[in-house]
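Enquirer: Residue numbers (the UniProt record's numbering), protein chains in the order written: chain A, 1 to 288; chain B, 1 to 287.
No lab work stands behind these hints: they were computed from the structure. No residue lacks a Cβ here, since even glycine has one placed at the ideal position from N, Cα and C. One or more of the hints may lead you astray.
As the list claims (entries may be wrong) - Covered, in the sense of this in silico footprint (three residues per stretch, anywhere, with C-beta under 8 angstroms from a C-beta of chain B), are these stretches of chain A: (1) 33-39; (2) 58-69.
Stated by the list, open to error - Footprint (simulated), chain B over chain A, 3 or more residues, beta carbon under 8 angstroms: (3) 6-13; (4) 189-198; (5) 232-246.
As the list claims (entries may be wrong) - Sample of chain B residues at the chain A side, in silico, Cβ under 8 angstroms: (6) Val43; (7) Gly44; (8) Ser47; (9) Trp51; (10) Val152; (11) Pro160; (12) Thr163; (13) Val239; (14) Ser242; (15) Val272.
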Amino acid sequence: MRQRPLWLLAPGGALMILVILLPLGLAGWISTIDLDQYTLRRWVQAPFIGLGNYTESLGSGLLHSIWISVSFAVLSTLATIPIGIAAALVTQNAYRGRALVRAVFLIPYVLPSFVVATVWRTMLQPDGVVNNWLGADGSLWLSGPRSYWALILVEIWAAWPFIYLMALAALQSVDHEVHEASAVDGATWWPKLTRVVLPYLRGPVLLACLLATLNHINNFTLPFVLFGAPAPDDVNVMPMLVYVTSFQSLRFGLSAAMAVVSLIIIAIPLFAYLRAVRLDVHEEGGRR
Amino acid sequence: MSASTEATRLLPRPLIVTLTAVLCAIVLAPILYIVLASLNSDVGVASGEFWPSSFSLDSYSRVWTTADLATGIVNSLLVCALTAVASALLGTTTAYVLVRYTFTGRLTILRGLVGLQSIPGTLMLLPVFVLFSSAGNYLGLTVIGTRWGLFVAYLTFALPFSTWVMVTYLRGLPRELEEAARTEGASTLVILRRIIIPLSLPAIVVAGIFAFLLGWNDVLFASVLTRPDTHTAAVALQVFGSSQEGGAVPVYSQMMAAALICAVPVVVLYLVFQRYLVGGLTTGGVK
């Protein structure tokens with residue numbers, strides 16, 4: 001029996017423990033102490049208050065932020081599904097110029113979020129180009145109730161190519177025989193699409209939706225750059241709330257509790273995703 | 001059109017043409033806007049012009065003095081390049097052991113690698129910030145505001161991601177070459193250096209590029225852990241953007257030029273490595 005060179009795990013593993021596990025554990029600890037700008041200098045001695053931060057966070061807008069975050073994430077995901085699938089369907093067959101179209105479809109995904117947000121922020125200014133187009137001079141997109149829809153629209157614009165990529169990969173795995181069989185049967189495109197092709201996409205697209213929803217919930221850059229901190233109440237998503245509570249109000253303990261709660265909410269789709277994704281190597285996998 | 005493409009065509013041709021045109025228009029309208037606005041004058045953009053009344057490259061030369069973009073780009077390049085190299089190399093060795101050997105806790109580690117990519121950044125940043133600031137109080141070290149501090153903070157998300165990219169690649173790599181080398185008496189380190197690393201070089205490059213992009217796109221960590229002289233391109237642009245409202249005439253044209261400049265390294269990386277990167281995009285949502 002050969003020695004397994006597990007010591008090779010040491011450099012990467014030690015670093016991960018140091019920069020990931022240790023801070024994560026610390027975050028849990030911070031969420032139970034009363035840590036603010038006064039106690040930060042000697043945070044080890046900060047008073048332990050148990051679940052105090054958690055109960056306080058419920059009264060500090062956390063529930064509102066959870067609602068905003070979850071509804072924003074779900075709506076964004078739902079809206080990107082038809083767009084992504086449609087884009088995959090129209091680029092499935094080869095034609096001259098398809099490579100160019102595919103490259104165009106990837107642009108929103110490739111552009112850095114902070115660039116996307118900066119551009120939309122400029123376009124959505126009260127006297128900006130969007131209001132010019134709509135003929136609605138001076139209406140507000142970056143504050144007030146419309147900001148919520150602005151956030152969703154920009155997120156959809158930036159995120160649909162992810163669904164497109166996953167749907168395209170799934171489409172390419174549909175056997176040629178399936179197409180031919182339904183062609184022989186004389187199926188027209190709509191029944192063929194809904195009964196034959198789309199069922200192939202269900203699994204991969206569902207997986208993509210889980211991941212996309214997680215990414216929407218965790219998206220900090222887009223609201224932060226679009227609206228600035230503190231964000232308007234209508235777009236005060238969880239990452240923004242945690243950020244403002246810790247780095248503007250300097251209530252580190254309180255914001256750690258909020259961050260832990262947001263992790264618990266994420267845990268539901270995350271566990272579903274972890275169960276669905278192929279983790280292990282193929283059957284001959286590792287060895288002893 | 002051949003019979004086989006006819007059979008696999010999923011939508012009627014008019015529908016394909018319409019959908020493609022609509023999708024392209026939706027994507028390209030804002031892109032066209034950035035380009036046109038960056039060629040416009042600041043006054044023109046502020047008054048809501050889409051098509052510039054006059055074209056000039058003025059904004060591209062003036063933006064460097066208006067915003068502290070050069071410092072940001074240099075800092076971003078330094079920190080992200082270091083993050084890319086470190087996480088790609090460490091990720092490769094870690095992934096190799098994870099793929100080729102079984103041991104207790106291996107599945108947990110794999111699960112952790114995937115799960116960590118979906119942990120809220122704010123949850124990581126908070127303790128990192130507390131640790132870094134206490135390094136000043138307890139050890140007399142200044143970490144917050146330094147590039148090294150930012151580099152360590154970026155490892156928190158770049159390292160698991162690069163490792164996972166390498167895991168997905170290495171598990172598709174046949175093991176015959178390694179077996180042969182082992183029967184010749186090669187040690188694990190030799191196998192890593194002579195076989196695994198050369199064979200998986202494209203994947204290592206992809207893992208590095210993704211780590212680079214994660215860092216380049218980050219605003220959260222950099223906005224807290226940097227000072228004005230160490231801030232990144234993303235923070236430079238964000239600060240530039242948020243300083244525009246409430247002032248006299250906002251310099252939106254220069255801002256669009258700055259936004260385009262910040263996007264250039266990313267676009268170049270994608271154009272050069274397109275074929276490798278698109279596959280990697282689906283392994284774990286880099287955004």
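Enquirer: Each hint needs a verdict: does it hold in this structure or not?
Expert: Quick rundown of the hints versus the structure:
no.	hint	verdict
1	33-39	violated (count 1)
2	58-69	violated (count 0)
3	6-13	holds (count 6)
4	189-198	holds (count 4)
5	232-246	holds (count 5)
6	Val43	12 angstroms, violated
7	Gly44	11 angstroms, violated
8	Ser47	7 angstroms, holds
9	Trp51	10 angstroms, violated
10	Val152	6 angstroms, holds
11	Pro160	7 angstroms, holds
12	Thr163	7 angstroms, holds
13	Val239	10 angstroms, violated
14	Ser242	5 angstroms, holds
15	Val272	12 angstroms, violated
The structure does not agree with the numbered hints 1, 2, 6, 7, 9, 13, 15 stated previously, though it agrees with the rest.
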